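A.B. asks: Here is how the chains run, residue by residue.
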Amino acid sequence: MTIKDVSFERDRPDVCGDAHPKALLKAIQEDGDYLLKLSNQHVVSADQFSQLGMLQLFRLAAKYEANPRRFSTSLQGKILISAFYEPSTRTRLSFESAWHRLGGDIMSITDRSTTGIAKGECLSDVAEMFNNYGDCVVLRDNNETSLEEMIDSLRIPIINAGNGSDEHPTQALADMYALFKWRPDLVTDEADKAPIKIGIIGVPDKMRTVRSFIKCLVKFPKAIDEIVIIHDEESSTQLFGEEQKEQIEQAGIRIRTTRDLEQVLPELDVVYINAISWEGDTFSTYGSEFHLTTQSPLKDSAIILHPLARGQELSTDLDSTPHNWYFSQARGAVFLRMALLTCMVQRAERVIDVV
Amino acid sequence: MTIKDVSFERDRPDVCGDAHPKALLKAIQEDGDYLLKLSNQHVVSADQFSQLGMLQLFRLAAKYEANPRRFSTSLQGKILISAFYEPSTRTRLSFESAWHRLGGDIMSITDRSTTGIAKGECLSDVAEMFNNYGDCVVLRDNNETSLEEMIDSLRIPIINAGNGSDEHPTQALADMYALFKWRPDLVTDEADKAPIKIGIIGVPDKMRTVRSFIKCLVKFPKAIDEIVIIHDEESSTQLFGEEQKEQIEQAGIRIRTTRDLEQVLPELDVVYINAISWEGDTFSTYGSEFHLTTQSPLKDSAIILHPLARGQELSTDLDSTPHNWYFSQARGAVFLRMALLTCMVQRAERVIDVV
Amino acid sequence: MTIKDVSFERDRPDVCGDAHPKALLKAIQEDGDYLLKLSNQHVVSADQFSQLGMLQLFRLAAKYEANPRRFSTSLQGKILISAFYEPSTRTRLSFESAWHRLGGDIMSITDRSTTGIAKGECLSDVAEMFNNYGDCVVLRDNNETSLEEMIDSLRIPIINAGNGSDEHPTQALADMYALFKWRPDLVTDEADKAPIKIGIIGVPDKMRTVRSFIKCLVKFPKAIDEIVIIHDEESSTQLFGEEQKEQIEQAGIRIRTTRDLEQVLPELDVVYINAISWEGDTFSTYGSEFHLTTQSPLKDSAIILHPLARGQELSTDLDSTPHNWYFSQARGAVFLRMALLTCMVQRAERVIDVV
Numbered sequence: 081m082t083i084k085d086v087s088f089e090r091d092r093p094d095v096c097g098d099a100h101p102k103a104l105l106k107a108i109q110e111d112g113d114y115l116l117k118l119s120n121q122h123v124v125s126a127d128q129f130s131q132l133g134m135l136q137l138f139r140l141a142a143k144y145e146a147n148p149r150r151f152s153t154s155l156q157g158k159i160l161i162s163a164f165y166e167p168s169t170r171t172r173l174s175f176e177s178a179w180h181r182l183g184g185d186i187m188s189i190t191d192r193s194t195t196g197i198a199k200g201e202c203l204s205d206v207a208e209m210f211n212n213y214g215d216c217v218v219l220r221d222n223n224e225t226s227l228e229e230m231i232d233s234l235r236i237p238i239i240n241a242g243n244g245s246d247e248h249p250t251q252a253l254a255d256m257y258a259l260f261k262w263r264p265d266l267v268t269d270e271a272d273k274a275p276i277k278i279g280i281i282g283v284p285d286k287m288r289t290v291r292s293f294i295k296c297l298v299k300f301p302k303a304i305d306e307i308v309i310i311h312d313e314e315s316s317t318q319l320f321g322e323e324q325k326e327q328i329e330q331a332g333i334r335i336r337t338t339r340d341l342e343q344v345l346p347e348l349d350v351v352y353i354n355a356i357s358w359e360g361d362t363f364s365t366y367g368s369e370f371h372l373t374t375q376s377p378l379k380d381s382a383i384i385l386h387p388l389a390r391g392q393e394l395s396t397d398l399d400s401t402p403h404n405w406y407f408s409q410a411r412g413a414v415f416l417r418m419a420l421l422t423c424m425v426q427r428a429e430r431v432i433d434v435v
Numbered sequence: 081m082t083i084k085d086v087s088f089e090r091d092r093p094d095v096c097g098d099a100h101p102k103a104l105l106k107a108i109q110e111d112g113d114y115l116l117k118l119s120n121q122h123v124v125s126a127d128q129f130s131q132l133g134m135l136q137l138f139r140l141a142a143k144y145e146a147n148p149r150r151f152s153t154s155l156q157g158k159i160l161i162s163a164f165y166e167p168s169t170r171t172r173l174s175f176e177s178a179w180h181r182l183g184g185d186i187m188s189i190t191d192r193s194t195t196g197i198a199k200g201e202c203l204s205d206v207a208e209m210f211n212n213y214g215d216c217v218v219l220r221d222n223n224e225t226s227l228e229e230m231i232d233s234l235r236i237p238i239i240n241a242g243n244g245s246d247e248h249p250t251q252a253l254a255d256m257y258a259l260f261k262w263r264p265d266l267v268t269d270e271a272d273k274a275p276i277k278i279g280i281i282g283v284p285d286k287m288r289t290v291r292s293f294i295k296c297l298v299k300f301p302k303a304i305d306e307i308v309i310i311h312d313e314e315s316s317t318q319l320f321g322e323e324q325k326e327q328i329e330q331a332g333i334r335i336r337t338t339r340d341l342e343q344v345l346p347e348l349d350v351v352y353i354n355a356i357s358w359e360g361d362t363f364s365t366y367g368s369e370f371h372l373t374t375q376s377p378l379k380d381s382a383i384i385l386h387p388l389a390r391g392q393e394l395s396t397d398l399d400s401t402p403h404n405w406y407f408s409q410a411r412g413a414v415f416l417r418m419a420l421l422t423c424m425v426q427r428a429e430r431v432i433d434v435v
Numbered sequence: 081m082t083i084k085d086v087s088f089e090r091d092r093p094d095v096c097g098d099a100h101p102k103a104l105l106k107a108i109q110e111d112g113d114y115l116l117k118l119s120n121q122h123v124v125s126a127d128q129f130s131q132l133g134m135l136q137l138f139r140l141a142a143k144y145e146a147n148p149r150r151f152s153t154s155l156q157g158k159i160l161i162s163a164f165y166e167p168s169t170r171t172r173l174s175f176e177s178a179w180h181r182l183g184g185d186i187m188s189i190t191d192r193s194t195t196g197i198a199k200g201e202c203l204s205d206v207a208e209m210f211n212n213y214g215d216c217v218v219l220r221d222n223n224e225t226s227l228e229e230m231i232d233s234l235r236i237p238i239i240n241a242g243n244g245s246d247e248h249p250t251q252a253l254a255d256m257y258a259l260f261k262w263r264p265d266l267v268t269d270e271a272d273k274a275p276i277k278i279g280i281i282g283v284p285d286k287m288r289t290v291r292s293f294i295k296c297l298v299k300f301p302k303a304i305d306e307i308v309i310i311h312d313e314e315s316s317t318q319l320f321g322e323e324q325k326e327q328i329e330q331a332g333i334r335i336r337t338t339r340d341l342e343q344v345l346p347e348l349d350v351v352y353i354n355a356i357s358w359e360g361d362t363f364s365t366y367g368s369e370f371h372l373t374t375q376s377p378l379k380d381s382a383i384i385l386h387p388l389a390r391g392q393e394l395s396t397d398l399d400s401t402p403h404n405w406y407f408s409q410a411r412g413a414v415f416l417r418m419a420l421l422t423c424m425v426q427r428a429e430r431v432i433d434v435v
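Residue numbers (my numbering), protein chains in the order written: chain Z, 81 to 435; chain P, 81 to 435; chain C, 81 to 435.
Excised from the complex, chain Z in its bound form (with noise of 0.2 Å):
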């Protein structure tokens, strides 16, 4: 081993620090209402979040992420099961440090080929099942229609964690706070004053953290001017599913295609790049010519959004720039779920003042 310092330093002053989430935190009024309501809701696609409930999630998020020792108790008792049948460990761990964090147990399968669906189980009498172990589930599949197939029996939440190429709500709402965590304003009545431009290098057909990412973004007209799709040759033929395009026009969003990154990256406030899809039983790569790095024609100002886990197109010299924000978002993932996981095991109330 030719390691020589083994020391290593706790704190960096870095986005990581609490003066984004405070800000965000007095920039939201509460309104527990909200919260309260997704005691007794499946979290299955982000088309179900309305802007002010998302505001609330994002408020309780800032809260926890400003004070990430003061509520380590609201779900003691509480059992999470944990069903990752897709290959992951970023949104495993996430969820299951979230659930943690706030003093939770976990029971995890991380392997289908071990469990009863193995012997030929029907997915209705696992959910029966997961009712009477656990109280929570979040549920990863490459198979799109599984959760579908449970959620009929479930007398438990379910939380949709990546079905397939379909969608991954929780990781848009994870955007979205990163987002708002940078620019607080945007979630006020002056947002329409500095309206961001993003843009988004991907396939809003393919990728479901771009699907996701896109039905949260129309619920914020006010705060977007324009959103710019980034996207390689291949992709041209088939580039929105059914109805996307429409749902952005719909919000009074503006809409723009491109297949030239360098020409339209000095204008664009935010990017979000990712360039790994889930597709059928393999993942793909979409976007290869697209590369960021300290050398892209950048704004100043502009972040840079990333799901994670990166390949080529995310260079790593850019890391140690104020461009990145994709290692903010990350961490913020985990408070944000924080913030879902509570209201949807019923403890919403030991953590909001005001209803």
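For the record, the hints were derived by calculation from the structure and aren't laboratory data. Computed from a predicted structure; not experimentally measured.
30 Å max Cα-Cα, derived DSSO-like pairs, lysine-lysine: (1) Lys-286(P) to Lys-84(C); (2) Lys-117(C) to Lys-84(Z); (3) Lys-117(P) to Lys-84(C); (4) Lys-84(P) to Lys-302(Z); (5) Lys-325(C) to Lys-84(Z); (6) Lys-299(P) to Lys-84(C); (7) Lys-295(P) to Lys-84(C); (8) Lys-84(P) to Lys-117(Z); (9) Lys-84(P) to Lys-299(Z); (10) Lys-277(P) to Lys-302(P); (11) Lys-286(C) to Lys-84(Z); (12) Lys-102(P) to Lys-277(P); (13) Lys-84(C) to Lys-325(P); (14) Lys-84(Z) to Lys-299(C).
A few chain P residues facing chain Z, derived, Cβ under 10 Å: (15) Val-86; (16) Arg-172; (17) Ser-174; (18) Leu-388; (19) Ala-389; (20) Asp-399; (21) Phe-407; (22) Arg-411; (23) Gly-412; (24) Ala-413.
Pairwise CB distance ranges, derived in the manner of DEER restraints: (25) Leu-116(C) to Arg-149(Z): 18 to 26 Å; (26) Asp-265(P) to Asp-232(Z): 33 to 41 Å; (27) Ser-119(C) to Ser-152(P): 31 to 39 Å; (28) Gln-392(Z) to Asp-85(P): 36 to 44 Å; (29) Arg-90(C) to Ala-331(P): 28 to 36 Å; (30) Arg-339(Z) to Leu-116(C): 53 to 61 Å; (31) Arg-90(C) to Asp-433(P): 20 to 28 Å.
In this text, a Cβ means the ideal position worked out from N, Cα and C, and glycines have one as well.
Chain Z is fixed; fit chains P and C onto it per the hints.
C.D. replies: Using the frame of chain Z, we list chains P and C on its own:
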């Protein structure tokens, strides 16, 4: 995602209510001595439980089920080693949920290939390791003799959670608990006023669940009028293992075998069905010609038990009928295991009143 | 199942008692400063521990072992990331048990294929993720350099739990702790009155346990009279790695090598044996001609240490003899890790008296 309604109901007016466990709780007088004795015993076989010992376990299980939120710290500071070397979710999660519900921590081993056994470690050394690392072991292994190889080295209790085709004693206890929740009068002096006829669809010599279940049934001869084994032709030649039939007869319970399910169904108060069996390294399905559906000539008052997971043999159209006690059975398994585990790790005195 | 007696004894009058840890506790004067310093250090190599630092760790381990129920909440609210990318139960469960005994929560990764690394994620990104999700990382990886690739990005401490054939520092600390429990006088000023001869059956250049153990031994020259390396012919040509032999000599400890186990055994106070070694992607067995049994010409007072898991090289007939200190060594490893983990996550001040 085509799911339109994401709301759900937490409660359902079914056998999952607390009326049945409360009635059973009332029917059994507490005698803590039987529970305290469990603190220095492994759980290997259903043979080892006496009628009075079982009743006290069922009473504690009913106490837990009737007050699911009252006892949440009985196992605080205790560590469970959950070692499942054979595919299982249902049993594993049932044990882990039971342990977590009482505030304990868990270390899971779900894959033999990630263990030191892969390096050629002998099981008595594994047992010695477990002594140092945990307070209780739950073991499932397709190798019948693994338990025997570990037991002499253990100074903490171990539970047989299914050893090949041999036994699955805690499943049998959960089955009995479901039976007595359904008819609490069967544990009283009045049991012989209306003893029950139980049909078992399966092969006592091949199925660990059936083997362990029969060992429990014979301890309650006043409650059981007759056991009818319903089997396919293939199993006719070796239906019973050594002494299985004799044990039933010696208990004074009538025993009958038949291959005609339809003919015998109208007589039965309880139908126990289980078409999956573990044999050697693979699963086998027995009696694939037997099916229970809403068209089956069941008595109106008859109940169905099934250790689950189920296959084709038990139609889901029965789920919403009063015959469905298999869901109650599955739910009760958690509370039964909570009762057993509490006693085994010397925490019975925290939950019993009368010694 | 042929097991007739299901009862067991929890206690056994052996080296697992608390007399030895209590004696060691008494022999070392507390100096908390050495423990507080561990709060901003990774644990990479046995090199990084000074004699005084080790002694304080052994003292805290002995305090835990002498009072196993007294400190059950020191790690409450802390989350361990247990990442074992190489097969292991013993080390993983030892760490997880240590963490749970102190009230902390755990997230486990036991299979690389279920992780984002399978999607091509780089290790520094994994490290950044760990920063957000946990409070401490324990890493085992057959790739020697994985630790190096993560360390610069970490803002939480990481522990090397075995990196290929390089090092396994916490195993070595546990080995030393066993040694000093056996002979607490060896940590005092009187150590040089009866310094010990240690025989090591193994190849210092190939075995991570031996490499790390020697790095610890050289910090205690007063206690160690001589180290005898017992090796097979095959290993003769490359017995020592760079500077390994020099390090021992510079410490003023005599060093000898031999291929004749039987001849040297009668001289030895301690025999350290370990026949399994990790090399590249597979395990190798060295010195298969060496066996310890009750027939071996051991000194009456000699003790045997073995990091376990064992193979043929160490006969189980020695288990019930006073030579068996390998079980005490395994048991102590949990308490040693409890001590180390407590300090690394800034909770030392909860358990020490004197700073």
